[in-house]
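All chains, full assembly: derive it from the sequences and hints.
As given, the protein sequences belong to chains A and B, one line each in that order.
Just so we're aligned, residue 1 is where the first sequence starts under my numbering, counting upward by one.
Just so we're aligned, residue 1 is where the second sequence starts under my numbering, counting upward by one.
Among these hints, one or two may not hold up.
Said to hold, decoys possible - Using 20 Å as the maximum straight-line C-alpha spacing, the simulated DMTMM-like pairs for lysine to aspartate or glutamate come out as follows:
1. A:286 x A:309
2. A:295 x A:184
3. A:121 x A:102
4. A:120 x A:105
5. A:139 x B:217
6. A:85 x B:178
7. A:295 x A:344
8. A:139 x B:74
9. A:269 x A:309
I should point out that these hints are in silico values taken from the structure, not numbers from a laboratory.
All figures in this text were calculated on a predicted structure; none of them were measured in a lab.
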Amino acid sequence: MTTTAPTDSSSGTDVRLTAISKSYGAFTAVHPLDLSVPAGSFFALLGASGCGKTTTLRMIAGLEQPTTGTVRLAGQDVTGLPPHKRPVNTVFQSYALFPHLDIYENVAFGLRRRGIKSVKKQVGDMLDLVQLGDFARRKPHQLSGGQQQRVAVARALINHPRVLLLDEPLGALDLKLRRQMQLELKRIQTEVGITFIHVTHDQEEAMTMADTVAVMNAGRVEQLGAPADLYETPRTTFVANFLGTSNLITAEVLDASGDTLVLRAADTKLALPRARCTTAPQAGGKLLVGIRPEKITLTHAEDAGTVPEGRNRVHGRITASSFIGVSTQYLVDSPVATGLSVYEQNIERDSRLAPGADVVLHWNPGHSFGLDAAQSIEAGTDAGEGT
Amino acid sequence: MTATPARQAVLSSRPVRWLRRNLVVLAGLATLAYLVLPNVVVTVFSFNKPNGRFNYEWQRFSTDAWTDPCGVADLCGSLSLSLQIAVWATVGATVLGTALAFALARYRFRARSSVSTLIFLPMAMPEVVMAASLATLFLNMGVTFGFWTILIAHITFCLSFVVTAVKARVMSMDPRLEQAAQDLYATPLQTFLRVTLPIAAPGIVAGALLSFALSFDDFIITNFNAGSTVTFPMFVWGSAQRGTPVQINVIGTAMFAVAVLCVLVGQLIGGRRKRS
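Below you can see the structure in the form of structure tokens.
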């Protein structure tokens, strides 16, 4: 057997996908896509269901044959190799533990298939790592969801794969356990130094765990970058809406000559630094101004004079407010856009900020971003299943 | 409410309550009795010493038949033939049926749905019809009736039961289990032997047990396709015309005991595995 699975505990390798695509008849699940995952990084593929992220993962595992393109692990082309000859392991959605084998044999499975005879110590160590040493002789169905999830991770990690693929591994767990497992997985990844590629539809999970996030939509990568970059500077409306919440305001460009663009939405003038803009704006053209809800400050209309100079101001009226502990969330209708979302920290709550109150919304122009107006303003709003 | 009517209510409702609590158990026991009673009669009469040829009236206790089960001419020969046919029919039907079930559950091919329907036909068809058509087929082909025609006929009707049992199991199997095996360095053959087959095993065993039971006591189809060969059910039928030797009850009781033993052992193993 010419298995290329490494037996040493070396760190991960880089993964490079070149022009990889997958079609099922007339349906294209993944459009030709280039992706480079650095060795030892925690990489997340984020998108709604059906966006092609799982198909991409399965092509790396070898469970799906790409229609075009190549998969390279550490420079070596593995596109033609069957799954059992690739030095990668997968943690499957719903875990796919072998129901007829106990936990010990599930974890030992990969070692035994590679012809390793003495597996006792390794399996014991691995079960201790995931804190399941006492459960070795249980069957998978006798374990809780969180325990099964840890078995699935142990079963993959024991083989010291070059790359660990995680297909929505936390999807079946309840919220609290999910948070716990996110930290646990991140800790393990830092400890073993293996390249992790994590597929998820939960934007918060992707941002918490990954060094780099690729946001996928309809078989394409919309944007790729560090979580903070994606959040602060989304390049498309899909990313702006899918990753957290964004207020998008359609505005007309009045002056595009300086470093700061002058825009007009309804009768309100807005400023936007050119550097925060992902398109080349032209005077007379349209632009979408995006601003995150927590970056907006609400001031009652009576105190409008206290708003500092240099901030964008928009008038509006509160239509709804909900208190959620750390913050209060407001919905504000204004001439520039309806249903603007604003999150205010509960530090000094102004009791006048109640539904029906006239307010001024203001923000630092450098905190907003500009997007091409030629795309759907709604993209990604209903796709975000994760919260 | 005063104390006296309350106590009366309690007294009068006590048997009612007892009945309500135990009704399910009583119904279960009644059903069990209905099922077991014929077997009890067979067992009791295996210790009978009848006057004359018919073992229908209790005379007196005797273990003659138990000490000499082959005392009747041709009985043990037919029993051994029936067991051989049952074993080979089980092997044949299980192997072919399992392969067919996998093909039907896993692959899309032309005529897949018509094959699925055809597989159910032997179960739905009256046995006499199948018996007669098989006999016609063998006659037209000029095949000599005997062991082989019986075996082929038995495999034919056992096949549908194996396919049904195995197919249900394979269909409900998570395809990710096999992908997980491949992902964990198992070759396609290892995947089949280590994951697919063990998970399908309960369905295969169920199909095999059904096949054995169906083949062993089949009479109608066998009678049409046996020629001059005599299986155990045919022997029983034949001897019932002239008299019923006690040995038939002995064989019947022994078969019943073996079956019960198998179930008990199976449950014991299953129970221990669950507990550990």
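Hint check:
{"no.": "1", "hint": "A:286 x A:309", "in the structure": "25 Å, violated"}
{"no.": "2", "hint": "A:295 x A:184", "in the structure": "31 Å, violated"}
{"no.": "3", "hint": "A:121 x A:102", "in the structure": "17 Å, holds"}
{"no.": "4", "hint": "A:120 x A:105", "in the structure": "10 Å, holds"}
{"no.": "5", "hint": "A:139 x B:217", "in the structure": "39 Å, violated"}
{"no.": "6", "hint": "A:85 x B:178", "in the structure": "15 Å, holds"}
{"no.": "7", "hint": "A:295 x A:344", "in the structure": "9 Å, holds"}
{"no.": "8", "hint": "A:139 x B:74", "in the structure": "51 Å, violated"}
{"no.": "9", "hint": "A:269 x A:309", "in the structure": "13 Å, holds"}
Hint compliance for this structure: hints 1, 2, 5, 8 are broken, all remaining hints hold.
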